[in-house]
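Construct the entire structure; sequences and hints are all you get.
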Amino acid sequence: RQVVGLLHGGAHVVLAESLGSMSSAIHAGPNRIAVGIEINATHSRSVTEGWVEATCEALVLGRTLATHQITIRDEQGNRLSTVRMTNYIKDKKA
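Residue numbers 2 to 95, in the numbering used here, belong to the letters of the sequence shown in order.
Calculated directly from the structure, the hints in this document are not laboratory data. One thing to keep in mind: the hints can contain errors.
To be verified - The calculated label-pair distances, taken between Cβ atoms and stated as ranges, are:
(1) G51 with T83: 13 to 21 Å
(2) E54 with A26: 17 to 25 Å
(3) D92 with E58: 25 to 33 Å
Cβ coordinates follow ideal geometry from the N, Cα and C atoms, glycine included.
As structure tokens, then:
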């Protein structure tokens, strides 16, 4: 929580980045890695209590780029934040 009692927007971004990174890593496969190159967030509403739920949608799953949109909602289904992130997919170094 922030000093004023709101769930910190940075917590939304950390949650979103975790989901987008996991999806990108799965897409990359065992011999490749996903490296974050861009993330942005729009915070639409605030919340002071209760649970939040995040859903991750793949927008682009290419050979070298994976882009995801992660939506975070409160218990009533209200959109709190929309986060978009892009990962670069590259080969693991030997």
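Cross-check of the supplied hints:
1. G51 with T83: 13 to 21 Å: Roughly 19 Å apart at Cβ, these two residues keep to the hinted range, so it holds.
2. E54 with A26: 17 to 25 Å: Since the Cβ atoms of E54 and A26 sit about 22 Å apart, the hinted range of 17 to 25 Å holds.
3. D92 with E58: 25 to 33 Å: holds, 26 Å
Comparing the model with each numbered hint stated earlier shows that all of them hold.
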